[in-house]
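Engineer: Whole structure, please, built from the sequences with the hints as guidance.
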Amino acid sequence: MKKWYSGEWSFKIIVLSIKPNNEPQNHCRNGHQPGDQYICGYACPGGFCSKSMLKSFPLMEAVRSGGNLRNLGGCQENIIEFDCPDGIVKFRLEAIKQSQ
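Position one of the sequence shown corresponds to residue 0 (numbering that gives the first Met the number 0), numbered consecutively onward.
FYI, nobody ran anything at the bench for these hints, they're computed from the structure. Being a predicted model, the structure only gives us computed values, none of them experimental. Among the hints, a few may not be true.
As the list claims (entries may be wrong) - Capping the alpha-carbon separation at 27 Å, the derived lysine-lysine pairs in DSSO-like fashion look like this:
hint, residue 1, residue 2
1, K96, K54
2, K54, K18
3, K54, K89
4, K89, K11
Unchecked claim - Simulated DEER-style distance windows between Cβ atoms:
hint, residue 1, residue 2, range
5, P33, F56, 20 to 30 Å
6, S98, K18, 15 to 25 Å
7, P33, K1, 31 to 41 Å
Note that the Cβ used here is the ideal one computed from N, Cα and C, for glycine as well.
Structural biologist: Here you go:
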């Protein structure tokens, strides 16, 4: 694969918790565990849950287009927490501006 575009933003996704008791083997079908971290730009990070990517991608696009994640419920301009579509895993998305 040859990338032709260097994005302005990268994203760190951190697994905060697994409901109900942080036991991923019993609840998270993808096997996420608290503390797991994923770094990505535009592409889906390897090993990350595809269903959760459906929720995180619009958040990433909001940042890429100049938006403020506070307007979407974030605690800071470039940080937001969200649950996976199944309501089992809680993630934190952090947008990181790349120096160019």
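Engineer: Which hint numbers doesn't this structure obey?
Structural biologist: The structure breaks only hint 6.
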